[in-house]
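Q: Residue numbers (the numbering used here), protein chains in the order written: chain C, 2 to 502; chain G, 2 to 502.
To be clear, the hints were calculated from the coordinates, so they are not data collected in a lab. The beta carbon of each residue, even a glycine, is placed where N, CA and C say it ideally should be. Be careful, since some hints might not be right.
Claimed, not checked - Quick look at which bits of chain G chain C covers, simulated, 3 or more residues with Cβ under 8 Å:
| id | stretch |
| --- | --- |
| 1 | 52–62 |
| 2 | 113–120 |
| 3 | 125–131 |
| 4 | 138–146 |
| 5 | 388–401 |
Here is what each chain is made of, one letter per residue.
Protein chains: 2
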Amino acid sequence: MASEKKTLSLKKLGIDTYKDSVIYMRQDCHICASEGFEARSRVRVDHGGRSIIATLNIITSDILGPGEVGLSEYAWLLLGASDGGLVTVGHAKHVSSLSYVRAKIYGHTLSTSQIKEIISDIAAGRYSDIYLSSFLTACAGNHMADSELIDMTNAMVEVGKTLDWETSMVVDKHCVGGLPGNRTTPIIVPIVAAFGLTMPKTSSRAITSPAGTADMMEVLAPVEMDVSMIKRVVKEEGGCIVWGGAVSLSPADDIIIGVERALSLDSESQLVSSILSKKIAAGSTHLVIDIPIGPTAKVRSAETAQKLKKYFESIGEALGLKVRVVFGDGTQPIGRGIGPALEARDVVSVLRGDQDAPQDLRARAITLAGCVLEFSPNVERGRGAEIATGLLNSGQAWDKFQAICRAQGGMREIPKAAYTHPYTTKDGGRVVSIDNRRLALIAKLAGAPQDETAGIDLHVSVGSCVHKNDVLFTIHAQSPGELQYALDYVSEGNDVMVLEE
Amino acid sequence: MASEKKTLSLKKLGIDTYKDSVIYMRQDCHICASEGFEARSRVRVDHGGRSIIATLNIITSDILGPGEVGLSEYAWLLLGASDGGLVTVGHAKHVSSLSYVRAKIYGHTLSTSQIKEIISDIAAGRYSDIYLSSFLTACAGNHMADSELIDMTNAMVEVGKTLDWETSMVVDKHCVGGLPGNRTTPIIVPIVAAFGLTMPKTSSRAITSPAGTADMMEVLAPVEMDVSMIKRVVKEEGGCIVWGGAVSLSPADDIIIGVERALSLDSESQLVSSILSKKIAAGSTHLVIDIPIGPTAKVRSAETAQKLKKYFESIGEALGLKVRVVFGDGTQPIGRGIGPALEARDVVSVLRGDQDAPQDLRARAITLAGCVLEFSPNVERGRGAEIATGLLNSGQAWDKFQAICRAQGGMREIPKAAYTHPYTTKDGGRVVSIDNRRLALIAKLAGAPQDETAGIDLHVSVGSCVHKNDVLFTIHAQSPGELQYALDYVSEGNDVMVLEE
Numbered sequence: 002m003a004s005e006k007k008t009l010s011l012k013k014l015g016i017d018t019y020k021d022s023v024i025y026m027r028q029d030c031h032i033c034a035s036e037g038f039e040a041r042s043r044v045r046v047d048h049g050g051r052s053i054i055a056t057l058n059i060i061t062s063d064i065l066g067p068g069e070v071g072l073s074e075y076a077w078l079l080l081g082a083s084d085g086g087l088v089t090v091g092h093a094k095h096v097s098s099l100s101y102v103r104a105k106i107y108g109h110t111l112s113t114s115q116i117k118e119i120i121s122d123i124a125a126g127r128y129s130d131i132y133l134s135s136f137l138t139a140c141a142g143n144h145m146a147d148s149e150l151i152d153m154t155n156a157m158v159e160v161g162k163t164l165d166w167e168t169s170m171v172v173d174k175h176c177v178g179g180l181p182g183n184r185t186t187p188i189i190v191p192i193v194a195a196f197g198l199t200m201p202k203t204s205s206r207a208i209t210s211p212a213g214t215a216d217m218m219e220v221l222a223p224v225e226m227d228v229s230m231i232k233r234v235v236k237e238e239g240g241c242i243v244w245g246g247a248v249s250l251s252p253a254d255d256i257i258i259g260v261e262r263a264l265s266l267d268s269e270s271q272l273v274s275s276i277l278s279k280k281i282a283a284g285s286t287h288l289v290i291d292i293p294i295g296p297t298a299k300v301r302s303a304e305t306a307q308k309l310k311k312y313f314e315s316i317g318e319a320l321g322l323k324v325r326v327v328f329g330d331g332t333q334p335i336g337r338g339i340g341p342a343l344e345a346r347d348v349v350s351v352l353r354g355d356q357d358a359p360q361d362l363r364a365r366a367i368t369l370a371g372c373v374l375e376f377s378p379n380v381e382r383g384r385g386a387e388i389a390t391g392l393l394n395s396g397q398a399w400d401k402f403q404a405i406c407r408a409q410g411g412m413r414e415i416p417k418a419a420y421t422h423p424y425t426t427k428d429g430g431r432v433v434s435i436d437n438r439r440l441a442l443i444a445k446l447a448g449a450p451q452d453e454t455a456g457i458d459l460h461v462s463v464g465s466c467v468h469k470n471d472v473l474f475t476i477h478a479q480s481p482g483e484l485q486y487a488l489d490y491v492s493e494g495n496d497v498m499v500l501e502e
Numbered sequence: 002m003a004s005e006k007k008t009l010s011l012k013k014l015g016i017d018t019y020k021d022s023v024i025y026m027r028q029d030c031h032i033c034a035s036e037g038f039e040a041r042s043r044v045r046v047d048h049g050g051r052s053i054i055a056t057l058n059i060i061t062s063d064i065l066g067p068g069e070v071g072l073s074e075y076a077w078l079l080l081g082a083s084d085g086g087l088v089t090v091g092h093a094k095h096v097s098s099l100s101y102v103r104a105k106i107y108g109h110t111l112s113t114s115q116i117k118e119i120i121s122d123i124a125a126g127r128y129s130d131i132y133l134s135s136f137l138t139a140c141a142g143n144h145m146a147d148s149e150l151i152d153m154t155n156a157m158v159e160v161g162k163t164l165d166w167e168t169s170m171v172v173d174k175h176c177v178g179g180l181p182g183n184r185t186t187p188i189i190v191p192i193v194a195a196f197g198l199t200m201p202k203t204s205s206r207a208i209t210s211p212a213g214t215a216d217m218m219e220v221l222a223p224v225e226m227d228v229s230m231i232k233r234v235v236k237e238e239g240g241c242i243v244w245g246g247a248v249s250l251s252p253a254d255d256i257i258i259g260v261e262r263a264l265s266l267d268s269e270s271q272l273v274s275s276i277l278s279k280k281i282a283a284g285s286t287h288l289v290i291d292i293p294i295g296p297t298a299k300v301r302s303a304e305t306a307q308k309l310k311k312y313f314e315s316i317g318e319a320l321g322l323k324v325r326v327v328f329g330d331g332t333q334p335i336g337r338g339i340g341p342a343l344e345a346r347d348v349v350s351v352l353r354g355d356q357d358a359p360q361d362l363r364a365r366a367i368t369l370a371g372c373v374l375e376f377s378p379n380v381e382r383g384r385g386a387e388i389a390t391g392l393l394n395s396g397q398a399w400d401k402f403q404a405i406c407r408a409q410g411g412m413r414e415i416p417k418a419a420y421t422h423p424y425t426t427k428d429g430g431r432v433v434s435i436d437n438r439r440l441a442l443i444a445k446l447a448g449a450p451q452d453e454t455a456g457i458d459l460h461v462s463v464g465s466c467v468h469k470n471d472v473l474f475t476i477h478a479q480s481p482g483e484l485q486y487a488l489d490y491v492s493e494g495n496d497v498m499v500l501e502e
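Between the sequences and the hints, there should be enough to build the whole structure, so can you do that?
A: Below, the structure written as structure tokens:
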């Protein structure tokens, strides 16, 4: 068949499917007939030298004219498409790495080259959401061997950009999430940078939590910047706090995270691989991992924490990264705010040394910053926290933070939510436990992290004594619908705190 | 919020997504803003007393006007929607059975009520394709306990219709696929019905094969009929050969099969559950299971076959179904045609007793019909095949088949493909093996089963001696594109037959 027969003209339908490439073709399109395409066929789409695989949706109405073809916004972006541009459409070659996914489902250990092929296909957009979901599920549930995790981490680094720095020691810190409000990074980076170490921090947005560090930092300064901008910031200030996704450090991981989010699945192996791939790609040489442990934190038991520690250390070592794992108390939220803007407020108050700054957040940041500082040959083991405290108390860390914000594009005012609702207690007593998962869910129902002002402001912590009609927490939301939805959840009897007389 | 604020007007966009419920809403829609929806949010859609959960796609163009909302064709069908009709849209309640899917991923055994909830949510369309893919993957790879399989099978029966018959013995036969052309059902049913047993056969369409029995039978007679029509046919003729999906015998299974097809995943546990749920729902009391074994068949080893046998027998027994498993030769295709119309031609030639009818297909049908007949208290064990042969040779089976076709709506002529291409050998020699999987793939690339005439016609079998330039097989296709695509695969060096001098 002559190739011109397969050419169609692009029409912008403006359909945002998130990160799923979809192509829309008319039912009577000659290509559908001659190639035998049907709804949900995976097809190859070429435009201007680029090529993607997309899932076919068939159009039976006139939103497309004869000879026209539409794309989802994601596919449009990947192809660099423009209205009226020409595309060719054909059968997608069988994605052979899918047979390795099936092997994994049946318990086989995958080889280095098999994993490399899977990750490379994912990064190239060759996996539909259905395939990604299957791959993630097959890898979850502790089904990955150490060798597979190492290979996967390496493969994720290889398909993306990597950063290199003009120094032999590049430090980093990462928290294995699950603890609302645990926003120590923006405090640690300025402490460490003020000391003189290099800490180019690339953070992620939330996967299943109400806010990622990048979401929170974006409240205070721009976080989406390209590699040259990041390098300039780090050269000037010794540190940065930016979103990792904007620099394509681990494009496969960014695609994977989208589906993990939809599945609310965040498996241990994927977690380690995701974190270490981003750190290695970011050029880190020394890394502190913070694992809060608690019954309603992401890591619930010392056993799981130990397993993660082993994974992080062994895989880090296999990939030339020095990792130190620090366990912490994960029984209750750290700080008072949950959600981007409310967490940003806590961070700033600690850095400024405000009298009413949350002391738990301050203490945790000092502990972790101390661990990072101890990577320096000039800091004795056990003396890091002391040095960190000094840098915080002297205002040097606050100065450095403001300088970093300015270097990233200018510091911003923290916005406030349009709607708030104080949640009061009907009983008095002592707070004996707080359910982190339910708090996180309420903050998400209220709109976090999409709405930066949304979330929860806690007025009590474990051990607080409260009286009848005291406010336990305030829900913040940007719309009445979301405020109501969060309230509905609480009023359905989902207690977030247990009180005892 | 007042409920009228959440009302939107339906516009038919005519977007066929296969069985995925999608809702299209404008970016500036007040509901998106007030409810905090984003692309890929799962939302609840209500219309005329019906309710579904759909995945949100955001529209940034003018294909929807202000106040308008669109639905994928599947969602449109589920809601019984009409242009201009009103829908309300709100947050979808958290689907709590998803936490059981996560438990399964982590190796937990699910309880009866947990499995029931999952299957009931699936049947109600509450699982997106991403969730279905995850659930299927978690169950695949031999991760299901016997108790889970029994529960799942039961649950699939319970969410659908069930048929009952006016007789205490209702026989059935099912082949665990993977062997191209193995189309014995339409031969067995008329033999058994001619003998006087009741055999209301509900068949499936292809999952990963080039043709299911329903696809093949549809070439010869209508197969989509409701329960009352099926009952009438069976009352008149003692048997039928219809598509099971049209009568909602196992609606959860129908949804699951759609995603399995996209994944090319057809796990053992899912297989047993899928088959038995449909048989029990169809009111069967006695069932023969045909398992062809061969290196390129679906079941490759005696070990897997034994495992399936154990599953079928034990789960059948737990659910009150008497199952007899028969193993067979799966080393090469049975019959000559692969694809709906070509298989129909083979079936008719065996029933008519044509001189050149494929003898392997005839022999296999007799063996299996014999096993079914032996369920009758009037047939001695070991004498079934002899009786079956008599019914075939006397023309009684052929008469019965034509009567069944007439009762189902009228017998049809077998159509021929628009394009054919004979594939010749460059070498002479003896055929020592045939790759069933590659044959099946070629038939699918040629358009089977969507195009009923598409497929492969084999001219040789294992043991045949061929000379240079002899035709090994002919590819049939309905379009030049598909013919070419099938040929491309063969010419890429994917040998389907091994010849030896």
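Q: Next step is simple, just say for each hint if it's right about the structure.
A: Hints, verified against the model:
1. With 5 residues having a beta carbon nearer than 8 Å to a beta carbon of chain C, the stretch 52–62 of chain G meets the requirement of three or more and the stated coverage holds.
2. Coverage of the stretch 113–120 of chain G by chain C is violated [criterion: at least 3 residues with CB-CB distance below 8 Å; count 0].
3. Note: the stretch 125–131 of chain G has 3 residues with beta-carbon separation from chain C under 8 Å; the three-residue rule is met and the coverage holds.
4. By the rule of at least three residues with a Cβ nearer than 8 Å to a Cβ of chain C, the coverage given for the stretch 138–146 of chain G holds, with 5 such residues.
5. Counting residues of the stretch 388–401 of chain G whose beta-carbon sits less than 8 Å from any beta-carbon of chain C gives 0, not enough to reach three: the coverage restraint is violated.
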